[in-house]
Amino acid sequence: GIQVEQSPPDLILQEGANSTLRCNFSDSVNNLQWFHQNPWGQLINLFYIPSGTKQNGRLSATTVATERYSLLYISSSQTTDSGVYFCAVFGVGGSGSRLTFGEGTQLTVNP
Amino acid sequence: DSGVTQTPKHLITATGQRVTLRCSPRSGDLSVYWYQQSLDQGLQFLIQYYNGEERAKGNILERFSAQQFPDLHSELNLSSLELGDSALYFCASSVGSGVGELFFGEGSRLTVL
Chain Z
185 GIQVEQSPPD
195 LILQEGANST
205 LRCNFSDSVN
215 NLQWFHQNPW
225 GQLINLFYIP
235 SGTKQNGRLS
245 ATTVATERYS
255 LLYISSSQTT
265 DSGVYFCAVF
275 GVGGSGSRLT
285 FGEGTQLTVN
295 P
Chain B
20 DSGVTQTPKH
30 LITATGQRVT
40 LRCSPRSGDL
50 SVYWYQQSLD
60 QGLQFLIQYY
70 NGEERAKGNI
80 LERFSAQQFP
90 DLHSELNLSS
100 LELGDSALYF
110 CASSVGSGVG
120 ELFFGEGSRL
130 TVL
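Order-wise, the sequence lines are chains Z and B.
Each number in the numbering used here corresponds to the 1-based position in the first sequence with 184 added.
Each number in the numbering used here corresponds to the 1-based position in the second sequence with 19 added.
These aren't lab readings, by the way, just hints derived from the structure by calculation.
Source: prediction; values computed, not measured.
Where hints are given, some of them may not hold.
What the hints assert, rightly or not - Computed list of lysine-lysine pairs in DSBU-like fashion (alpha-carbon distance at most 35 Å, straight line): (1) Lys238/Z <-> Lys28/B; (2) Lys76/B <-> Lys28/B; (3) Lys76/B <-> Lys238/Z.
What the hints assert, rightly or not - Derived DEER-like restraints, expressed as beta-carbon distance ranges: (4) Thr34/B <-> Thr250/Z: 44 to 52 Å; (5) Ile228/Z <-> Ser99/B: 27 to 35 Å; (6) Val114/B <-> Gly225/Z: 23 to 31 Å; (7) Ser212/Z <-> Glu72/B: 39 to 47 Å; (8) His29/B <-> Asp194/Z: 25 to 33 Å; (9) Leu102/B <-> Gly225/Z: 45 to 53 Å; (10) Glu94/B <-> Trp224/Z: 20 to 28 Å; (11) Gly185/Z <-> Ile31/B: 31 to 39 Å; (12) Glu72/B <-> Pro192/Z: 39 to 47 Å; (13) Asn202/Z <-> Ser84/B: 40 to 48 Å; (14) Ala201/Z <-> His29/B: 32 to 40 Å; (15) Thr34/B <-> Asn202/Z: 45 to 53 Å.
Glycine is no exception: its CB is placed at the ideal position from the N, C-alpha and C atoms.
Given the sequences, and given the hints that come with them, work out the whole structure.
Following this line, the structure appears as structure tokens:
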């Protein structure tokens, strides 16, 4: 099946700093989503972005499907941004029946 | 609020027991997915139903079963529970099957003692 790799696995920032999280995938995709799992365990949709660029406030994402990667940008980070960020993809064909998750990036934002 | 409702939010039970987790998808969504998140396995796909029929199966144990009812809610049944089944179980829904955005419920946290 499709492989999803996220980097870095851990990231520690001071409040106000910017960061870039990366997601690489091994095959063509029909769907790519970024999620934030907060300390209470909730999975919050950030972006549905199989291709192109989207922005939502301090967050933006870019997916370059032809090169099989996606980037999540967090600007002016806040302590409430802490948690785990997951990239997940629906592959094409046989892998298209389920959303496959990466291992996540654990983000800690210190005040 | 994603619009996906899961009950119960927390459940504590003993080894060997059986539990049922319930999921109501977002209005208009036909697909329901179940995922398990444990500390050592990450988010693992279990099973998908689309409009009442099983559509895809992942790493779901034989002790686990699921179904989707005519009103599109779904139940995940976990039996002969073991300590290793302790995990956060998520339900997600989407309009179609295989494409489109998935929305996740808040999860059911199962603790097996």
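Status of each hint after checking the structure:
Straight-line distance between C-alpha atoms of Lys238/Z and Lys28/B comes to about 33 Å, which keeps the hinted pair within the 35 Å bound. At roughly 24 Å between alpha-carbon atoms, Lys76/B and Lys28/B fall within 35 Å of each other, so this suggested pair holds. Restraint check: the Cα-Cα separation between Lys76/B and Lys238/Z comes to about 32 Å, which is no more than 35 Å; the hinted pair holds. For the pair Thr34/B and Thr250/Z, the supplied restraint of 44 to 52 Å holds, since their beta-carbon distance comes to about 50 Å.
A C-beta distance of roughly 33 Å is found between Ile228/Z and Ser99/B, which places it inside the suggested range of 27 to 35 Å. Checked against the hint of 23 to 31 Å, the C-beta distance between Val114/B and Gly225/Z comes to roughly 25 Å, which is consistent with it. A beta carbon spacing of about 26 Å between Ser212/Z and Glu72/B contradicts the range 39 to 47 Å that was offered as a hint. For His29/B and Asp194/Z, the hinted distance range of 25 to 33 Å is satisfied, since their beta carbons lie about 28 Å from each other.
Checked against the hint of 45 to 53 Å, the pair Leu102/B and Gly225/Z fails, with Cβ atoms roughly 20 Å apart. A beta carbon spacing of about 24 Å between Glu94/B and Trp224/Z agrees with the range 20 to 28 Å that was offered as a hint. At about 34 Å, the beta-carbon gap between Gly185/Z and Ile31/B stays in the expected band of 31 to 39 Å. The supplied range of 39 to 47 Å is met by Glu72/B and Pro192/Z, whose beta-carbon atoms lie about 41 Å from each other.
The hint said 40 to 48 Å for the Cβ distance between Asn202/Z and Ser84/B, and at roughly 46 Å that hint holds. Checked against the hint of 32 to 40 Å, the C-beta distance between Ala201/Z and His29/B comes to roughly 35 Å, which is consistent with it. Our hint of 45 to 53 Å for Thr34/B and Asn202/Z holds, since their Cβ atoms are close to 47 Å apart.
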